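Residue numbers (the numbering used here), protein chains in the order written: chain A, 207 to 558; chain B, 207 to 558; chain C, 207 to 558; chain D, 207 to 558; chain E, 207 to 558.
Please keep in mind that the hints were generated in silico from the structure rather than gathered at the bench.
Just so you know, these numbers come straight off a predicted model, no measurement behind them.
Hints are supplied without guarantee of correctness; some may be wrong.
Just so you know, same-sequence chains aren't split out, so a pair can sit in one copy or run between any two.
Taking lysine-lysine and the DSSO-like style, the derived pairs with C-alpha atoms no more than 30 Å apart in a straight line are [said to hold, decoys possible]:
#1 LYS422 x LYS556
#2 LYS340 x LYS556
#3 LYS363 x LYS278
#4 LYS430 x LYS305
#5 LYS556 x LYS499
#6 LYS362 x LYS430
#7 LYS531 x LYS362
One-letter residues, chain by chain:
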Amino acid sequence: MVLHRKSKEIGLSPGSLVYLGDKKEKPVQITVINYGVEHYNQETAATVEDCFQYTTADPITWINIVGINDVKVIGRLGGAYKIHPLVLEDIVNTGHRPKVDYYDDYLFIVLKMLYSATSNQAIQHEQISLIVGKRYVISFQEVALDVFEPVRERIKKGRGRIREQGSDYLAYALMDTVVDRYFNVLEGVGETIDALEDAVIHEPAPETLEVIQDLKHEMLFIRKSIWPFREVVSTLIRRESQLISEDVILFLRDVYDHTIHIIDTVETNRDMLAGMLDIYLSSVNNKMNEVMKVLTIIATIFIPLSFVTGIYGMNFEFMPELKWKIAYPLIWLLMLVVFIGMVIFFRRRKWL
Amino acid sequence: MVLHRKSKEIGLSPGSLVYLGDKKEKPVQITVINYGVEHYNQETAATVEDCFQYTTADPITWINIVGINDVKVIGRLGGAYKIHPLVLEDIVNTGHRPKVDYYDDYLFIVLKMLYSATSNQAIQHEQISLIVGKRYVISFQEVALDVFEPVRERIKKGRGRIREQGSDYLAYALMDTVVDRYFNVLEGVGETIDALEDAVIHEPAPETLEVIQDLKHEMLFIRKSIWPFREVVSTLIRRESQLISEDVILFLRDVYDHTIHIIDTVETNRDMLAGMLDIYLSSVNNKMNEVMKVLTIIATIFIPLSFVTGIYGMNFEFMPELKWKIAYPLIWLLMLVVFIGMVIFFRRRKWL
Amino acid sequence: MVLHRKSKEIGLSPGSLVYLGDKKEKPVQITVINYGVEHYNQETAATVEDCFQYTTADPITWINIVGINDVKVIGRLGGAYKIHPLVLEDIVNTGHRPKVDYYDDYLFIVLKMLYSATSNQAIQHEQISLIVGKRYVISFQEVALDVFEPVRERIKKGRGRIREQGSDYLAYALMDTVVDRYFNVLEGVGETIDALEDAVIHEPAPETLEVIQDLKHEMLFIRKSIWPFREVVSTLIRRESQLISEDVILFLRDVYDHTIHIIDTVETNRDMLAGMLDIYLSSVNNKMNEVMKVLTIIATIFIPLSFVTGIYGMNFEFMPELKWKIAYPLIWLLMLVVFIGMVIFFRRRKWL
Amino acid sequence: MVLHRKSKEIGLSPGSLVYLGDKKEKPVQITVINYGVEHYNQETAATVEDCFQYTTADPITWINIVGINDVKVIGRLGGAYKIHPLVLEDIVNTGHRPKVDYYDDYLFIVLKMLYSATSNQAIQHEQISLIVGKRYVISFQEVALDVFEPVRERIKKGRGRIREQGSDYLAYALMDTVVDRYFNVLEGVGETIDALEDAVIHEPAPETLEVIQDLKHEMLFIRKSIWPFREVVSTLIRRESQLISEDVILFLRDVYDHTIHIIDTVETNRDMLAGMLDIYLSSVNNKMNEVMKVLTIIATIFIPLSFVTGIYGMNFEFMPELKWKIAYPLIWLLMLVVFIGMVIFFRRRKWL
Amino acid sequence: MVLHRKSKEIGLSPGSLVYLGDKKEKPVQITVINYGVEHYNQETAATVEDCFQYTTADPITWINIVGINDVKVIGRLGGAYKIHPLVLEDIVNTGHRPKVDYYDDYLFIVLKMLYSATSNQAIQHEQISLIVGKRYVISFQEVALDVFEPVRERIKKGRGRIREQGSDYLAYALMDTVVDRYFNVLEGVGETIDALEDAVIHEPAPETLEVIQDLKHEMLFIRKSIWPFREVVSTLIRRESQLISEDVILFLRDVYDHTIHIIDTVETNRDMLAGMLDIYLSSVNNKMNEVMKVLTIIATIFIPLSFVTGIYGMNFEFMPELKWKIAYPLIWLLMLVVFIGMVIFFRRRKWL
C-alpha cells in the first residue's frame with residue numbers, strides 16, 4: 207500500500223496513461239459547476255465532451271471528476287484543455303507525493319486526502335489532483351466520497367466570499383477542505399492514543415503492541431503526506447504567479463499554519479508512540495517481577511519447611527528425637543518460627 | 207487538548223467567528239488604561255463601544271479583554287479598529303501556534319500563556335492575542351487570571367521607563383510577563399524531576415512511569431509553544447517596521463535570550479526524562495535480579511538436602527545404613543557440609 | 207562488499223586502470239545501436255575498434271559495454287572518444303558512489319543498479335557508468351543482465367518519443383530504468399517486512415532477528431546508493447549544460463520525484479525495522495512471562511501441598527493425628543481447600 | 207541549579223539591578239592592573255571610585271571585580287564607564303548563556319567558567335562577564351577563585367607578547383584561560399568514564415547508574431555552556447569591529463579550535479554514556495542469566511531424583527521392589543545414571 | 207587518549223613550543239628529497255641546518271621530519287622557512303583536529319593518520335602536518351612509520367605524473383596516502399564486525415559487549431578525524447589560491463570522494479554496532495528463555511508427581527489404598543498419565 211507499484215510498468219515509455227491504483231469507479235462521474243457572483247449552474251456531464259465548452263466560459267468553472275481509472279476520459283479532457291502529457295500521467299499515477307508544478311496557463315497540484323472508515327481504524331487515502339487555470343479548476347478524485355460537498359454547498363448558497371472570488375480562491379477552498387480531513391483523522395488517532403496509554407501501563411498485552419505498531423505506520427504515512435503538502439502551500443505562497451492573487455495568499459497562509467499544526471501533532475504522536483513501546487516493555491517486566499515474587503515467596507517459605515519434614519521422615523533406626531513425646535509439637539513450633547521469620551524478611555524487602 | 211478541535215468546523219467558510227475553546231467567561235471583561243508620562247487613567251468598560259473613542263486618543267491606550275467566547279464583542283471591536291477579518295478569526299480560534307502577522311497599521315501577535323494550577327501538576331495554557339497599533343495595544347485573554355497585574359502596577363505607579371515609552375514597549379512588557387510564566391512553570395517541573403530521579407533508581411513503581419510520561423507530554427507541549435514564540439520575537443527583532451522602535455528592539459533581544467534559555471531547559475528536561483525510562487527499566491530488572499537470587503539461594507541449598515532426606519525415607523528392606531547407629535549424626539554432618547559448601551559458593555559469586 | 211577494497215592499491219599512482227570488482231565477464235560484450243527518427247541499426251562489435259567510427263556519426267549512437275574487467279578495452283575506447291583518464295579510472299573502480307562530473311564535451315554519470323537474485327533475498331548491485339556526449343551515449347555494466355532491454359525494445363520498435371530525441375533523452379531513459387529497479391527491489395522488501403511484522407509478534411525466533419538485521423543492512427546499502435543518485439539527478443536539473451535540453455529536464459524532474467519516493471520508502475522501512483527489534487524484545491519477554499507463569503502456578507500449588515504430605519510422612523512415635531480414622535480424608539479436604547484457594551488467587555491476578 | 211530562578215522577579219521592570227545567584231562575596235574585591243610595554247602597576251582598590259581615573263588612562267587597564275552581589279558597586283562603575291543599563295543587569299543576572307553584545311565603545315562578553323571542587327565530582331560554574339573597551343578590560347567574577355592568576359603573572363613578568371598588545375589581546379588571554387578550565391574539567395570526567403566502562407560490564411550496581419546519570423547531567427550542562435561560547439568566539443572572529451585587531455583574530459581562531467575540540471569531546475562522552483546504559487542493562491540481564499542457570503541446573507538434577515526417592519518412600523503394602531536385596535544399590539545406580547545424563551545435557555547446552 | 211591533555215599548559219602564553227604527545231623519537235630523522243622531471247636526489251640530513259639551502263632551490267623539495275618532540279629543531283626550521291609561530295605551535299601540539307590554514311607564502315595542513323598494530327585491534331593514530339610552499343613541502347610525522355614510502359618510490363622511479371608536477375601534486379599524493387590508510391583500517395574493522403554479527407546472535411558473551419564497545423569508540427574516533435579531513439579537502443578545492451593548480455584540484459576531488467566514502471562506511475558501521483547491542487540484549491533474553499523453559503518443564507512435570515508420592519508416604523494408620531494390591535501399579539499408571547499429559551501440554555505450547 208505504502209509503496210506505489212511502479213514495477214508493473216518497467217519499460218513503459220513516459221507519457222503512457224496507465225492507472226496504477228486499485229480503486230475502480232465505473233463509470234467516471236463528471237460534475238460541472240459554473241458560477242459567478244449572481245450566477246450558479248450545476249450539472250452532471252454525461253460524457254467528457256460536455257466539459258469542453260467551459261475552456262473559454264463565464265467567470266468560474268469547476269469540473270470535478272470522480273474515478274480516474276478510465277484513462278481515455280482523462281486523455282480527451284487533457285487534449286481539450288491543453289494539459290501537458292506528463293501532467294495527465296501524474297493524475298492517473300496515484301503513487302505521487304503531494305507537489306505543485308507550474309505551467310504557463312495553469313498550476314498542477316497533487317494532494318493526498320485521508321479518510322478513516324468508520325468501523326475500524328485503518329486510515330484510507332486517495333490522491334486528489336487539481337488543475338488550476340485562470341477561469342477553471344479541474345479536480346480529480348479516485349473514489350466517490352463527498353469530501354468536497356461543503357464547498358459545493360458554499361458556492362450554491364453563496365455563503366462567504368467564494369462567489370465573488372476567482373478560481374484561485376476555489377482551489378484554496380478545496381485544499382482547505384483536504385487539510386480539515388487531516389485534523390479529523392488525527393482527532394480519532396488522539397483518542398486511541400489516550401486509551402492506549404492507560405492500557406500499556408496497566409494491562410500490557412501483545413495486542414496492544416500491534417495497535418501501537420499500526421498507529422506508528424499510520425503516523426509515518428500521514429507524515430509522508432503532510433510534509434510535501436506543506437511544501438506545496440509554501441511554494442504557492444512564495445512563488446509569484448499571476449494565477450494566485452495577493453488576497454488568496456493571505457488565505458493560503460492560514461492553510462500553511464494548519465499544515466504546520468498537523469505536522470506538530472503528528473510528531474507529538476510519534477514521540478508518544480515511541481515512548482509507549484518502552485513503557486510496554488517496562489510493564490511486561492513489572493508483571494514478570496510480580497510473578498517471580500509470588501513464586502519466590504512460596505518456594506522460599508515451603509522448601510525449607512519440607513526439608514524439616516524430610517528429616518523426620520527418614521527411617522534410621524537410631525533417631526532419638528523420634529521417641530520424644532515433645533518432638534512433634536516442637537517441630538511444629540520450629541516450622542512456625544521459620545515461617546514467621548520468612549514473612550518478616552519479605553516484609554522488610556517490601557515484597558509483601 | 208493538544209489537538210485543536212478543528213473538525214467541528216469542516217465546511218465553514220473562513221472569516222466566520224466561532225470560539226473553539228472550552229473556557230467560557232461571562233460576561234466579557236474589558237479594562238481600558240490610558241496613560242502618558244504625566245497621565246494615568248484606568249476604567250472598566252461596560253460595553254465594547256466605550257473603547258472606540260481611543261482609536262485616535264492620547265499617547266498610549268491599553269485595552270485588555272478577558273473572555274473571547276462572545277464573538278460579537280470581538281467583531282464590533284474589530285470593526286472600530288479596522289482589524290482584518292482573518293485576524294479576528296485567529297483571536298477566537300484558540301488552536302493557533304504563536305505567530306506574528308504584519309499588517310499596515312498594526313501587528314498581530316499570538317502567544318501561549320502557561321500556568322499551573324496549585325493543587326496538582328497539570329499545566330494549563332491559554333491563548334494571548336495582542337494587536338499592537340501606533341498608539342494602542344489590545345490584548346485578549348481566555349480566562350481572568352491576573353497575569354498582567356504586575357504590568358498594570360508598573361504603569362500605575364510610574365515605575366521604570368514604561369510611562370515614557372510607546373505602545374511597542376507596552377507590548378514588550380506584556381510578552382516579557384508571558385515569558386516569565388514559562389520560567390515559573392519550568393521551575394516546578396525541575397523540582398518534580400529531581401524528586402523523580404531518586405524514586406526511579408530506588409523505588410521503581412508503575413506510578414513513577416505515569417508521572418514520567420505526563421512530564422514528557424508537558425515538555426512536548428511547552429516545546430511546541432516556545433519554539434514558535436522564539437520565532438515571533440526573532441521576527442520582531444529582525445524585520446523592520448515603523449511600529450517597533452530601535453530602543454524596544456534592545457529589550458526584545460532580552461526576551462529572545464529568555465526564550466532560548468527556556469528552550470535549553472526544556473530540551474535538558476526531555477533528555478533527562480528519556481534517560482529516566484531506561485533507568486526505570488534497569489531498576490526493575492535489578493529488583494528482579496534480587497528476587498531471583500533469593501529464590502535461587504534457598505532452592506539451591508535445600509533441594510539437594512531434601513534429596514538426601516528422601517533417600518533415607520525410602521522403605522527398602524535392605525538398606526544397611528538404616529541400621530547403623532552412627533548414620534543419623536553422619537547424615538547431619540553431610541548436610542552441614544553441603545550447606546557450608548553452598549554458602550561458600552554463593553559468597554564467591556558475590557550473591558551473599 | 208560494502209567497503210570498496212581500496213587498500214589493494216595503496217601506492218598506486220592515480221590514473222592507472224585496475225578493475226577492483228569481483229565480477230569478471232569474459233569476453234567483454236559490446237553492443238552498438240545507431241538510430242534516428244527513420245533509422246535503426248543494431249550490431250555486436252567484435253572488437254572495441256569497431257566502435258570508433260561513431261564518434262562523428264549519424265544522429266544518435268548508443269554503445270553498451272558489458273564487462274569492465276578488461277581494462278585495455280576501456281583504455282582504447284577512452285582514447286578514441288577523448289575521455290579523461292580519471293573518468294576511465296572511475297569506470298573500472300566499482301567502489302564509487304553515484305555522481306555526475308561535467309567535462310567540456312561530455313557528462314560522466316556513475317549509478318548503482320540493484321537487482322535481487324530470485325532464489326534468496328540478498329540484494330546484488332552493479333555499477334553503471336554513462337558517458338553522455340552530444341551524439342552518443344556509452345554505458346558500462348559489470349555483468350550481463352538485460353536491464354536495458356526495455357529501452358532497446360523501445361528504440362527498436364520506435365515506441366514513445368525516444369527515436370525523435372537526442373542522446374540526453376536516451377541517458378534519461380537509461381536512468382529511469384535504473385530507478386525502476388529500485389522500486390522492484392523495494393517491493394520485494396516490503397512484502398518481506400509485512401511477513402516479518404506478524405512473525406515478530408507471534409513467533410519471535412533468533413532467525414527472525416537475523417532477517418531483520420539483514421534487511422537493515424540492505425536498507426543502509428540502498429540508502430547509500432539512492433541519496434547520491436538523487437543528488438545526481440538534482441544536479442542535472444539545476445546546472446545548465448548544452449548537453450541537456452529543456453525538454454529532457456522535465457522528464458528528469460519525474461526521475462527526481464521517483465528518487466524522493468524511493469528515499470521515503472527506504473526511510474519508512476528503516477523506521478519499521480528499528481521498531482521491530484523493540485517488538486521482538488517485547489515478544490520474547492512476553493513469552494518468558496508465559497513460561498514463568500506456568501512454573502509459578504504449578505510450583506505455588508504443589509509445593510505447599512507436598513509440605514503437608516511431608517508432615518504426615520514423619521516417623522515420630524507420638525503423632526496423635528496418625529491414629530485418627532478421620533485424618534486421612536481430612537487431609538484430602540485440606541489439600542483440596544488449599545488447591546481451590548490458589549486457583550482463585552491466580553484467577554484474581556488474571557494468570558489463569 | 208540548571209534553571210535560573212527568574213521567577214523571583216516576575217513583574218520587575220527591566221534594568222533594575224538584582225543579583226540572582228547564590229554566591230555572596232563580602233566585600234567586593236577590586237583589583238586594578240595598569241600596564242604597558244615598560245610599565246606595570248597593580249593595586250587593590252578600596253572603593254569602586256578608585257577605578258574611575260582609568261577611563262582615559264595609560265595604555266591598558268584591567269579592572270577585575272570579584273563578587274557581584276553588591277549591585278550598587280556595579281551601578282556606580284557602570285555610570286563612570288558609561289555602560290548601558292541592560293549590560294549592568296546582565297552582569298548581575300547570572301542565569302545568562304554565553305553571548306557577546308556590540309556597543310559603540312565597548313564589547314560585552316558573558317562566559318561560563320567551570321571548576322570542579324577537589325573532594326567530589328560535582329562540577330561548579332560561575333559567570334564571567336567582560337567589558338572590553340579601547341584601553342581597558344573590566345572583568346566580573348562571582349567568587350574569588352584564582353582562575354586569572356596565570357594571566358596576571360604573565361603581565362607582571364612580561365612573559366610572551368601580552369605587554370606589547372592591546373586590551374583585545376588581554377580579553378583573548380582571559381577567554382583562553384576560561385577555555386583551558388574546560389579541558390581541565392573534561393580530563394577528570396574522561397578518567398571517571400574510563401573507570402565506569404569496566405565497572406558497568408563486570409560489576410553493574412545501582413550506584414553505577416547514579417554516577418552515569420550524574421555525568422550525563424554534567425555533559426548536558428557543559429554542552430549548554432560551550433556551544434554558545436563557540437558562537438561568541440565565532441562572532442568575534444567574523445564580525446568587524448575596530449576593538450578587535452587582525453592580529454588578535456588569529457589568536458581567537460586558536461580559541462575557536464579549542465571550543466570545537468571541547469564540543470567534540472563532550473559529544474563523544476555523551477555517546478559513550480548513552481551506550482553505557484545499554485551495556486548496564488545487558489550486564490544486569492547477563493547476571494540474571496547466570497543466577498537462573500544455577501537454579502535450573504540444581505533444580506533440574508535434584509527434582510527428578512527426589513521424585514525417585516519419593517516413590518520408594520510410599521507405604522504401599524504390596525511393592526515388590528522393596529523386598530529385593532538388589533533394589534537399593536540399583537536405585538543408586540539409576541540415580542547416578544540420571545545425574546550423569548543431566549550433566550551431559552547441560553554440558554551440550556554449554557551451561558556448565 | 208581521546209582528549210588532548212591541554213591542562214598541562216594552563217597559563218602558558220601562546221606561541222611557546224611544548225610537545226604534548228607521548229611518542230618520543232630520538233633523534234629526529236630528517237629526509238630531504240629534491241626532484242624534477244629529469245632529476246632526483248635523496249639524502250638524510252644530519253642537522254636541521256642542512257635543509258635551509260632548499261628554501262630557494264630547484265623545482266621541488268620534500269623535507270620529511272619524523273619526531274616532533276625536539277621542539278628546538280622545529281623552531282629553527284620555522285625560522286629559516288619563515289613559518290608563523292602559531293603554526294609551529296600547532297605542529298608540536300598533537301591534539302589538533304585536521305584543518306587547513308592559509309598564509310601568504312604557504313598552506314598549513316594538519317591531518318590524522320590511522321594505523322592498526324598487527325597483533326591486536328587497537329587503532330593508533332599520529333598527527334601529520336604539511337607545510338606546502340610554492341616549491342617545497344615539509345611534512346611532520348610523530349613516529350617512524352613508512353607510510354609515505356609508496357610516494358617516495360613513485361618519485362624515485364618516476365612512475366605516474368608525480369615528477370612532472372609541482373609541490374601541490376606532492377601534497378595531494380601525501381594526503382591520498384593518508385586517506386588510503388583509513389580504507390585499510392576500516393577494512394579490518396569491517397571483518398571484525400562481520401564476525402561479531404554471528405557471535406552476537408548465537409553466542410552472546412560479556413566479552414562480545416566489550417568488543418562492540420571498543421569498536422564504537424574507534425568509530426567515534428575515526429569520525430572525529432575524517433569529518434574535518436573532508437572539510438580540509440573541500441576547502442582546498444573551493445578556495446582559490448595560487449598554491450593549488452587547476453589540475454591538482456581535479457585530483458583533490460578524487461580524495462574528496464574517498465573521504466565521503468569513508469564517512470559513509472563509518473556511519474554504516476556505527477549503525478550496525480548500535481543495532482548489535484539491541485541484538486545482544488535480545489539474544490541474552492532468548493538464552494534466558496531457553497533456560498527458563500528447561501526449568502519449567504522439569505519442575506512442572508516432577509513437582510506434581512512428587513506430590514503424589516508424598517501422599518502415599520504419609521503414615522496414617524487408616525489409609526485404605528495402602529492395603530490394596532492394585533494400588534502400586536495404579537499409582538504408576540496415574541503418574542504416567544500425568545507425565546504424558548504434561549508433555550502434550552508443552553508440545554502444544556511449542557516448548558518441546
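Outcome of the hint check:
1. When the C-alpha separation of LYS422 and LYS556 is checked against a cutoff of 30 Å, the pair qualifies only between copies, where the shortest distance is 29 Å, while the shortest distance within a copy is 38 Å.
2. When the C-alpha separation of LYS340 and LYS556 is checked against a cutoff of 30 Å, the pair qualifies neither within a copy, at 77 Å, nor between copies, at 67 Å.
3. Taking the shortest Cα distances, LYS363 and LYS278 sit within 30 Å of each other only across copies (23 Å), while inside one copy they are farther apart (34 Å).
4. Both within a single protomer and between protomers do LYS430 and LYS305 lie at most 30 Å apart by alpha-carbon distance, with minima of 12 Å and 25 Å respectively.
5. Taking the shortest alpha-carbon separations for LYS556 and LYS499, both the intra-copy value of 11 Å and the inter-copy value of 16 Å come in at or below 30 Å.
6. For the identical chains of this complex, LYS362 and LYS430 are neighbours neither inside a copy (34 Å) nor across copies (39 Å), given an alpha-carbon limit of 30 Å.
7. Within a single copy, LYS531 and LYS362 get their C-alpha atoms no closer than 105 Å, and across copies no closer than 96 Å, so neither meets the 30 Å cut-off.
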